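Participant: Below, each chain spelled out in residue letters.
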Amino acid sequence: MKVRGDGYRFVIPALILLSLVTVYPLVYVFYLSLYRRLLIFDISRFVGFENYLFIFRDDRFWNALKNTIYFTVTSVSLELLLGLFIAILLNRTFRFKGMMRAIILIPWAIPTVVSAKMWEWMYNTDFGVLNYLLGMKINWLGSPFWAMNAAIFMDVWKTTPFVTILLMAGLQVIPQEIYRAARVDGAGIFAIFRKITLPLLKPVILVVLLFRTLDAFRVFDAIYVLTGGGPANTTETLSIYAYKVLFQTLQFGYGSALSVVIFLCIGSISIFYIRLLSKGIKQ
Amino acid sequence: MLLFLPFISGCVQERDGEDKKEVVVFKHGKIAGDPEPFRQLLDRFEKENPGIKVKDEILPASTDEQHQFYVINLEGRSSDFDVLSMDVIWVPEFARAGWLKNLSHLLPASEMEEFFPGPIQAVTYNEGIYAIPWYIDAGLLYYRKDLLHKYGFSPPKTWDELIREAQIIAEGEPALYGFVWQGKQYEGLVCNVLEYFWSNGGDVIEDSRVVINSPENIKALRFIRDLVVTYAVTPPMVTTAIEEPTRHIFGSGKAIFMRNWPYAWNIFEREGSPVKGKVGISTLPSFPNKVSASTLGGWQLGVNRYSRNPEAAEKLVKFLTSPDAQKPLALTIGYKPTRKALYKDEDLMREQPFIAGLYDIFMRARPRPVTPYYMMLTQVLQPEFSAAISGIKTPEEALNSAHIQISHIMGIER
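Protein chains in written order, with the numbering used here: chain A, 1 to 283; chain B, 1 to 414.
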């Protein structure tokens, strides 16, 4: 009993810190979201769940949600597939293996805003290296069709290294004996991949998916720099929309309601993955 | 408001021990070019006002971040700065929020006449003056003098003339773009589109009535889309362009016409610039029998309502917006004066003939809708204009949708 009490005492500083930096703002944002609050106009009126009801009728919210889901699903699946492929390649023994691993990390090491600026120039219709190589005049960031896909492409370029490194770590803990035994039993590479690599890599894959889905769902800086949400809001994600409502038009009540909705989405995604993970571990 | 406490307590400054001098803190964006002449100006002010010390503090580069800084601090009633420089679109908003001191007494009617009309409109809210125009900016047309001359054209007065000239010249010079401007979904797009609305007799709000879906505006917006699609004088890339990319294209000799702000001129006239000596400027074209208009930009100086030294702050505002300060700022760092008389000043005409030539353009400069709701308005206008230009919506659809949303915003206090 005494030991347990001491344990709590040790946890208290951390608890206080956490509640200050996460619980308090969270509760405050929820409290704000129940108000119609417009700083400029001295309006601060309790409206209950009116802001949340308005979200349902707000076309711009649904558009942003659709964009966010499209971005998340496409970029995360591409990153996972590519990352897995590269991780398996890099996991083989060959010369310059260490160097290759370091090189592949470069895109991940560049700050997002910097790489977004870089890509903005590479996507430039007239001076961009991409159109130069293709010999075409594609309006990458200006056409409703290309803009979001261009942003996804950049995200894949930037984040695949992260996925690769995590998966490589996972691959390295799979004992080589299992592979050897399988080969002795006459299993082909696809069978080995399906029956050994994939199942044993599953916990790592889930962790990767958890991190990447959460990151992609909250995407802000890359797209904000690349397109600012345009053209015609075709690249406006939930985070960008919430930012504009909160800090550009100063609608603190509605902006907070949007933030709470984003939080709920991210919360459910986390719970979903964590459930899957703990199931995997129990097995 | 507890949320803002950490920000505020983080910036409390030591103000004692300055030999009992009053300290005026002046917040402004980065001074373009060499900061030395500006510091000299402030030194002069300190010499003339021995009891006052000026501390100038530079804000982040992006205008959005500057706005955010002011909002957070003023909402928290911060008195850490006394004089603030503001983009032309913020003044009514800040005035409505009660963050700015009424400065009407600094600008009696007789002196008001000395300023360009646009900036005065922009700093007026409920018949009070809440900031003094510091320097001015406006959209204008850059053209290639050499090419127009070669084909026997004069600078276009109407949009149709611009199209005709661009098409004919482009036939002879197929590598060139006709007309570039700023079409990315951002504040600059609103500046561009309003110039077409106004030059067709349209507007966004008239006598507090929303008139954005007028036939004039629909025609103007369709025309902008047609510049890209039907007449093909504007390359589709403008839908991603802000000022700098268009300046690069025009500056490397790849376009015949460009809409931009005055800042581009000095870059074109630099040694080694491919278009040095080949560029002309004029007011923007208009639709037939209508009047040309430019979107007004530029910065204004106001006094923080929570300032502890309002009188000293007012003195600084008065000094910096006086002809005596505007002239050296124009001569040394190219800030365009807001006072009309300076455009006939001999030194300025000799040293900065380009600035002196901007008089007509600044006389036609119109402020974007002068309303405390402007930041909300522009969040509606940007995506709707972008949708019309990229062809996602027809001009009617976009403007009708904007009409509904803006009407809603204008009724927000009712």
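Treat the hints as calculated values from the structure; they're not laboratory data. Be aware that one or more of the hints could be misleading.
Said to hold, decoys possible - Straight line, CA to CA, 30 Å or less: simulated DSBU-like cross-link-like pairs of lysine-lysine:
hint, chain 1, residue 1, chain 2, residue 2
1, A, K137, B, K254
2, A, K117, B, K276
3, B, K254, A, K117
4, A, K137, B, K150
5, A, K137, B, K145
6, B, K145, B, K20
7, B, K327, B, K290
8, A, K202, A, K66
9, B, K278, B, K327
10, B, K344, B, K318
11, A, K137, A, K66
12, B, K47, B, K30
13, B, K20, B, K254
14, B, K254, B, K47
15, B, K327, B, K340
16, B, K55, B, K30
17, B, K278, B, K150
18, B, K20, A, K137
19, B, K276, A, K137
20, B, K20, B, K30
21, A, K117, B, K30
22, B, K219, A, K137
Just so it is clear, the structure is predicted and the values come from calculations on it, not from any experiment.
Participant: Hint by hint, say whether it matches the structure.
Facilitator: Results for each hint:
1. A:K137 - B:K254: 15 Å, holds
2. A:K117 - B:K276: Holds, because 29 Å separates the two Cα atoms, which is no more than 30 Å.
3. B:K254 - A:K117: 23 Å, holds
4. A:K137 - B:K150: Roughly 29 Å separates the two Cα atoms, so the pair holds.
5. A:K137 - B:K145: 28 Å, holds
6. B:K145 - B:K20: 58 Å, violated
7. B:K327 - B:K290: Roughly 34 Å between the alpha carbons, so the hint for B:K327 and B:K290 is violated.
8. A:K202 - A:K66: 28 Å, holds
9. B:K278 - B:K327: 28 Å, holds
10. B:K344 - B:K318: 21 Å, holds
11. A:K137 - A:K66: Holds - the C-alpha atoms of A:K66 and A:K137 are around 28 Å apart, at most 30 Å.
12. B:K47 - B:K30: With Cα atoms ~24 Å apart, B:K47 and B:K30 stay inside 30 Å; holds.
13. B:K20 - B:K254: Status violated; Cα separation ~59 Å.
14. B:K254 - B:K47: At roughly 50 Å apart (the allowed maximum being 30 Å), B:K47 and B:K254 break the hint.
15. B:K327 - B:K340: Satisfied, since the Cα-Cα distance of roughly 11 Å is no more than 30 Å.
16. B:K55 - B:K30: 14 Å, holds
17. B:K278 - B:K150: This hinted pair holds, its Cα atoms lying about 12 Å apart.
18. B:K20 - A:K137: Between B:K20 and A:K137 the Cα gap is close to 65 Å, so the pair fails against 30 Å, i.e. violated.
19. B:K276 - A:K137: Holds, at about 28 Å.
20. B:K20 - B:K30: 29 Å, holds
21. A:K117 - B:K30: 21 Å, holds
22. B:K219 - A:K137: 29 Å, holds
Hint compliance for this structure: hints 6, 7, 13, 14 and 18 are not met, and every other hint is.
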